[in-house]
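Take the sequences, apply the hints, and build the full model.
There are 2 protein chains.
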Amino acid sequence: MPVVGVIGGGQLARMMVPAAIALGIEIRVLAEAPDSSARLAATAVGDYRDAATVLEFARGCDAITFDHEHVPQEVLRALVAEGVAVRPGPDALLYAQDKLLMRERLGALGVPMPDWARVESADELAAFLADHGGRAIVKTPRGGYDGKGVRIVDDAHGADDWLADGAVLVEELVVFQRELAQLAARRPSGEVRLWPLVETVQRGGVCAEVIAPAPAVGDAAERAAAEIATVVANGLGVTGVLAVELFHAADGRVLVNELAMRPHNSGHFSIDGSVTSQFEQHLRAVLDWPLGATDALADWSVMINVFGSLPDAQIAAALGHQPSAKVHAYGKGPRAGRKAGHVTVIGSDLDDVAYRARAAASRFEG
Amino acid sequence: MPVVGVIGGGQLARMMVPAAIALGIEIRVLAEAPDSSARLAATAVGDYRDAATVLEFARGCDAITFDHEHVPQEVLRALVAEGVAVRPGPDALLYAQDKLLMRERLGALGVPMPDWARVESADELAAFLADHGGRAIVKTPRGGYDGKGVRIVDDAHGADDWLADGAVLVEELVVFQRELAQLAARRPSGEVRLWPLVETVQRGGVCAEVIAPAPAVGDAAERAAAEIATVVANGLGVTGVLAVELFHAADGRVLVNELAMRPHNSGHFSIDGSVTSQFEQHLRAVLDWPLGATDALADWSVMINVFGSLPDAQIAAALGHQPSAKVHAYGKGPRAGRKAGHVTVIGSDLDDVAYRARAAASRFEG
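Which chain is which? The protein sequence lines are A and B, in order. Be aware that the first sequence starts at 34, since it is given in our numbering, and climbs by one per residue. Be aware that the second sequence starts at 34, since it is given in our numbering, and climbs by one per residue.
Lysine to any residue pairs mimicking SDA-like chemistry, simulated, CA-CA at most 25 Å apart:
#1 B:K372 x A:P35
#2 A:K372 x B:E59
#3 B:K372 x B:A350
#4 B:K365 x A:E59
#5 B:K372 x A:E59
#6 B:K365 x A:T76
#7 A:K372 x B:V36
#8 A:K372 x B:P323
#9 B:K365 x A:D95
#10 A:K372 x B:M34
#11 B:K365 x A:L73
#12 B:K365 x A:P35
What the hints contain is simulated information worked out from the structure, not anything from laboratory work.
In structure tokens form, the structure reads like this:
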């Protein structure tokens, strides 16, 4: 029985567990705390920034993978030096950890992106703003997620606090029709599989809803997204799931917004909506097993995130109101704004599917 | 977070774990041994025949349910006496534990069955044989499964060994077109949901293959099976999944063969083929939560059991050969003839679905 170790005990690790059970894979989790979302599979609690802790955890694992991208490069490289199969490896993860390096590397690969610049001073920011209509997005290169470390700026001094810590990434404020995500998986021996292109709806910088496939997006955008994900997966040597968040610009361009090298919120629909879920595919990929079919199980899947808390009584109410809704609770304590779970509904009529998903999710509010 | 305790650590308990993870239910397993199939969720290892062990395990659980039906009545009743929610309860489980009591009770409910008799001597067996063409099925009332405790007899002394221990059940040898199974679930407040009627193919008294829905079985048989399962679920006060194994007799009758009050091999297809799997439904039912939709995700599902062992290399080979096959490994050590896992394929063309399922399963042989 192969053993996969997952660093990080969040909901992504949690949702790998059912896939591991099905495939007969032993899954072990290095959690941050005893009450982590993935606590059922936690075999260790410790600091993922400590090489000794992570090395001890990795002993006996056939592959090490991740719930998040925050494990420091020096820890990753210490694992590799000890012969641990780190998947994705540090050379790939680097581009998911540092947005400036990612932009540079994608540029070298010829991948379409928003205009961007590395900015080290207010003067350089002023120059970028002057060239881009006076407004731009500023991002810290590291540590941002779910809207954190991202800011819209219209003043040359609007990023002074971040610039005090070093260079930032500045990007064109893309006028977009919609946001898209292209989910892919790659195994070390090279096979790449793509799921259908999806539309993501963000609220407050956080994914709120995903519609699979992206409605009426057009063949050209679908082809562009598939090409981008394939080039990125192969070009960066990704192992496992790769999520490419995209802008579908008002002028029709498909541009890379962000990358994630792990199962991603934009792919949660695949648990209930695809022959192979992103979590199963990720495990297959990190073990270099053949990848599964990514066909849809229905014409449409709609996934809605639930924030804050998921009390039992509300789960029962949602299940009673929508018997076809698939509820996924993350086993977390209540906290305002935190992703507590999600709901997916699949079916043949998009309006009906979206109605049922939203109706079920609305039972969790208030 | 509700807590469900499962007595028994076999593959049925194992396959409840993914459903529990999705619904945010804490699942605890009382396993027979440390290396049980459901070891990931095992919080105790002990003897389910010992009331003190089971009572200790049940502490803090909102409901207790089962991987098998072998927990003695006195243990079940001790749990109930202590206020534990035992689901299904001892009054229902009795009929899954004792085939003679089951036949008597189903007779009182007017459910169609093969001719049967309670037989206490070779003389009584001789009389039954004389009335039924000289051949009959003899079953021990308790402890049989997967063909054990079942014997075809054509001699009045063919069950002397079993009769030395007490009465046996004797049944008409039904000439059948096919075997069927009707899966249902019932929650304590009364809601009953049925999955589509399925055809089961047995080899050597063990389920080998399940086709959902049963092909070309006809409306009358479908209605009869649904009626039987509903009457049995309500009449016996079942909580959780009920599997009714049926003969579709050559003369068109639909007759009850066996009952199981837990998720059942004939329902494994529902993990990949139904909106709500039998494992999720069972957990919802034992918590008295609303039941889920049982609609099929595709026109056809074919489930094939894999026996003996499921080496990693063979799993990878099967996945590579059939990217749409859903493989379920039970995490057991190799043993000839033991159910080691199963494969399910779903799709719109039965011949194609069955071909792919058998092709994937065949990779595990030899």
